[in-house]
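There are 2 protein chains.
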Amino acid sequence: MAIETPEGYAAFDEASLIEHLAGDAVLRGRLGGAPASWKVSEVGDGNLNLVFIVEGPSGDVCVKQALPYVRLVGEGWPLPLERAFFEYRATTLHSEHVPGRMPEILHYDPRLYAIVMERLSPHVIMRRGMIDGIVYEKFADHVTDYLAATLFHTSDLFMKAADKKAAVATFCGNTELCKITEDLIFTDPYVISSNNRWTSPQLDEDARAVREDTELKRAVARLKHQFLCKSEALLHGDMHTGSIMITPDDTRIIDPEFAFFGPIAFDVGKLIGNLLLAFFSQSGHEKVAGERDDYRAWILRTVEEVWNGFERKFVALWTSRGEGDAWPAAFFEGEDGRRSLELAQRAFMRALFEDALGFAGCSMIRRTLGLAHNIDMEWIEDPDRRAACERQNLAMAKELIKQAAGFADIAAVTARARG
Amino acid sequence: MAIETPEGYAAFDEASLIEHLAGDAVLRGRLGGAPASWKVSEVGDGNLNLVFIVEGPSGDVCVKQALPYVRLVGEGWPLPLERAFFEYRATTLHSEHVPGRMPEILHYDPRLYAIVMERLSPHVIMRRGMIDGIVYEKFADHVTDYLAATLFHTSDLFMKAADKKAAVATFCGNTELCKITEDLIFTDPYVISSNNRWTSPQLDEDARAVREDTELKRAVARLKHQFLCKSEALLHGDMHTGSIMITPDDTRIIDPEFAFFGPIAFDVGKLIGNLLLAFFSQSGHEKVAGERDDYRAWILRTVEEVWNGFERKFVALWTSRGEGDAWPAAFFEGEDGRRSLELAQRAFMRALFEDALGFAGCSMIRRTLGLAHNIDMEWIEDPDRRAACERQNLAMAKELIKQAAGFADIAAVTARARG
Chain S
86 MAIETPEGYA AFDEASLIEH LAGDAVLRGR LGGAPASWKV SEVGDGNLNL
136 VFIVEGPSGD VCVKQALPYV RLVGEGWPLP LERAFFEYRA TTLHSEHVPG
186 RMPEILHYDP RLYAIVMERL SPHVIMRRGM IDGIVYEKFA DHVTDYLAAT
236 LFHTSDLFMK AADKKAAVAT FCGNTELCKI TEDLIFTDPY VISSNNRWTS
286 PQLDEDARAV REDTELKRAV ARLKHQFLCK SEALLHGDMH TGSIMITPDD
336 TRIIDPEFAF FGPIAFDVGK LIGNLLLAFF SQSGHEKVAG ERDDYRAWIL
386 RTVEEVWNGF ERKFVALWTS RGEGDAWPAA FFEGEDGRRS LELAQRAFMR
436 ALFEDALGFA GCSMIRRTLG LAHNIDMEWI EDPDRRAACE RQNLAMAKEL
486 IKQAAGFADI AAVTARARG
Chain C
86 MAIETPEGYA AFDEASLIEH LAGDAVLRGR LGGAPASWKV SEVGDGNLNL
136 VFIVEGPSGD VCVKQALPYV RLVGEGWPLP LERAFFEYRA TTLHSEHVPG
186 RMPEILHYDP RLYAIVMERL SPHVIMRRGM IDGIVYEKFA DHVTDYLAAT
236 LFHTSDLFMK AADKKAAVAT FCGNTELCKI TEDLIFTDPY VISSNNRWTS
286 PQLDEDARAV REDTELKRAV ARLKHQFLCK SEALLHGDMH TGSIMITPDD
336 TRIIDPEFAF FGPIAFDVGK LIGNLLLAFF SQSGHEKVAG ERDDYRAWIL
386 RTVEEVWNGF ERKFVALWTS RGEGDAWPAA FFEGEDGRRS LELAQRAFMR
436 ALFEDALGFA GCSMIRRTLG LAHNIDMEWI EDPDRRAACE RQNLAMAKEL
486 IKQAAGFADI AAVTARARG
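These protein sequence lines map, in sequence, to chains S and C.
Position 175 of the first sequence, counted from 1, bears residue number 260 in the numbering used here, the numbering being contiguous throughout.
Position 106 of the second sequence, counted from 1, bears residue number 191 in the numbering used here, the numbering being contiguous throughout.
The set of hints was computed from the structure by calculation and includes no laboratory data.
Just to be clear, a hint being listed does not mean it is correct.
Any copy will do: because identical chains look the same in the list, a pair fits if it lies in one copy or spans two.
Said to hold, decoys possible - List time: in silico EDC-like cross-link candidates among lysine to aspartate or glutamate, alpha-carbon distance up to 20 Å:
#1 K264 to D248
#2 K223 to E466
#3 K487 to E300
#4 K483 to D421
#5 K245 to D268
#6 K245 to E261
#7 K372 to E466
The task is simple: from the sequences and hints, build the whole structure.
Pasting the structure below:
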């Protein structure tokens with residue numbers, strides 16, 4: 086039985102998409118020429134949506150449209166169309182604070198749940214670039230601009246409470262997407278679930294050990310509770326290397342359809358976890374042992390720069406633009422006040438660091454034992470080699486979750502990864 | 086200039102109130118007789134609203150109506166009428182989980198922002214009873230039933246995330262009332278503000294010391310940030326002895342118009358703070374030194390029973406009804422799981438305890454140096470005696486906020502109060 090959709094909604098085909106774009110003077114001008122001459126390609130390789138590239142004689146656009154179900158699974162797993170609205174809203178709100186780090190939105194249609202945005206070219210999904218061993222020297226600087234600016238400016242450190250509560254209320258509506266994270270990241274990998282899969286039989290014992298690790302599950306449950314009730318800032322919500330389109334010179338953050346007000350550490354930690362997972366996958370992509378040593382070193386340097394850059398930029402914004410209702414600026418005036426604020430910031434960032442390591446670990450485990458895996462590992466064809474990489478990844482993840490307090494700083498984390 | 090109000094709203098006078106009640110068959114039946122024979126008394130001694138008692142030959146009701154401004158101040162301080170809706174919603178949601186501890190709501194009128202509820206009689210406001218030195222032996226048991234049940238059942242420990250997020254979104258609308266707390270409790274007493282007042286000149290130096298205490302302000306700012314973004318459970322929001330109507334046999338919690346999703350420790354801590362403030366006020370009400378020793382001992386016993394009873398009942402609910410999305414029950418199965426859950430609960434309750442002490446301290450300071458004082462202290466006529474009580478109260482409050490981690494348990498808190 087087909088899923089019922091609101092009046093006015095229909096999934097695009099080539100003809101209806103062209104008609105839709107041609108109906109908007111700005112978009113028609115951007116593409117140029119006769120609409121019949123436009124070239125449409127469906128390129129969605131993600132799990133959830135339709136994604137089209139439309140090319141005209143003068144220019145091109147990218148169109149992302151929500152389907153009323155999970156594309157990867159089909160109509161058996163319905164998913165609200167409204168996620169397109171939340172992606173549009175989050176992109177708009179985030180872009181206010183960090184110009185040029187997300188795709189420019191050209192048009193949003195609330196009846197079709199379709200976003201028309203700039204086509205990013207020659208950008209590639211960062212995860213693929215990393216599998217190919219490409220170094221992105223500017224990435225850490227770019228992504229920490231994004232993280233620090235968006236997470237600071239949507240928090241109580243910058244916002245007035247009334248504005249923030251209104252925004253929180255809006256994003257409370259994105260509950261089904263949050264539920265996917267709650268289940269797939271924070272619950273399923275730790276219990277027997279038909280959603281789980283792993284490299285079997287190689288990791289059968291490892292998966293069992295995770296399910297039976299009471300200390301680990303207790304720590305994960307604490308993080309899940311934070312995810313459910315710490316409305317600290319407007320998160321991207323799915324901050325991994327598959328949500329980044331990149332060239333050596335440019336970095337764009339895409340796909341914030343999981344956006345909601347949650348713990349700041351989740352966005353930062355998820356990114357660090359995905360970088361560490363990429364690190365542990367590298368040996369599986371080597372044709373000659375050691376040929377990726379330099380690349381591995383770059384990944385760990387990037388992990389350090391992501392945390393250190395985020396921390397430095399976030400604290401700098403707090404110091405210079407701390408105009409929100411939390412941590413009233415009037416409490417921190419004068420020299421004494423400045424020192425007091427530094428102490429507060431240090432304690433705040435330390436707690437954020439430990440939570441980020443925990444969330445990093447959760448991301449690494451879910452990609453090894455849960456439903457959705459990453460191609461970083463999946464593209465290692467030999468299951469024994471893959472399992473060896475995944476086992477290292479799991480061991481590190483468990484330490485990050487259970488012993489976060491034991492890592493003095495991010496250098497201690499990368500030292501542990503280096504082994 | 087009069088404040089604009091929505092169509093259909095008008096503040097009650099005697100005639101319009103009788104007409105309103107007579108228009109509802111159930112209410113007319115409850116009051117009995119001819120509406121013209123009903124006796125109306127306006128009894129609002131609070132700061133914000135109109136409150137009427139209406140008596141008929143067969144029964145009586147209490148009617149609470151929001152005014153579009155703060156009654157105490159007048160039209161110069163507008164306040165949204167919607168607070169009546171939030172009180173109505175919070176009472177309804179809380180009462181589901183703890184029958185008989187709040188007034189029964191008989192009718193809510195969304196156009197008049199008026200709640201008709203049972204009249205509580207012979208109940209008195211608990212604060213007045215405590216000034217008179219009346220012991221309420223059942224209070225601690227009753228109020229911890231209320232706190233544990235309402236805070237547990239509206240948290241992620243019991244609720245499913247989608248239901249909770251919908252409720253969070255609703256109460257995000259109560260932002261103006263939250264702002265009163267943010268300003269009056271967490272900000273004004275720590276800065277120079279025309280809102281502040283204190284027993285002067287006796288406490289001038291004490292007030293200055295608070296404003297210059299950078300460690301204190303840092304700790305208060307941390308608590309304020311929690312108040313702004315920790316959406317843990319649906320709080321009463323104004324949980325002090327003036328929000329409790331009581332007899333030796335019955336306890337009712339009234340006036341949850343400040344309700345919102347916030348940190349559990351705020352409700353618990355605010356109550357403990359108000360009890361401690363009542364404790365420090367007692368010597369000011371003695372005609373003969375020491376005549377209230379027994380009463381003081383009862384108050385401290387009550388402080389202990391409030392924390393211990395809350396903790397015991399909250400944890401028991403968590404263990405037996407932990408059906409929410411946080412702390413998944415599936416993580417804590419079997420004997421190992423049971424022990425793991427106990428460890429989790431112990432850590433959770435310890436953090437909650439320390440935060441509650443901090444919130445208690447904030448409540449004690451705001452009632453001494455901020456805008457709204459309590460009659461516990463205000464009714465001590467001799468300013469030197471009053472200032473002596475208030476100074477003890479301030480000293481304890483600062484310790485609770487700055488050294489919460491140093492109190493091993495609630496007995497250590499009451500021992501410190503005892504001096």
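Hints and how they fare:
{"no.": "1", "hint": "K264 to D248", "in the structure": "between (25 Å within a copy, 12 Å between copies)"}
{"no.": "2", "hint": "K223 to E466", "in the structure": "neither (31 Å within a copy, 69 Å between copies)"}
{"no.": "3", "hint": "K487 to E300", "in the structure": "within (7 Å within a copy, 31 Å between copies)"}
{"no.": "4", "hint": "K483 to D421", "in the structure": "between (41 Å within a copy, 19 Å between copies)"}
{"no.": "5", "hint": "K245 to D268", "in the structure": "between (32 Å within a copy, 12 Å between copies)"}
{"no.": "6", "hint": "K245 to E261", "in the structure": "between (27 Å within a copy, 12 Å between copies)"}
{"no.": "7", "hint": "K372 to E466", "in the structure": "within (12 Å within a copy, 88 Å between copies)"}
Violated hints amount to a single one, hint 2; each of the other numbered hints is respected by the structure.
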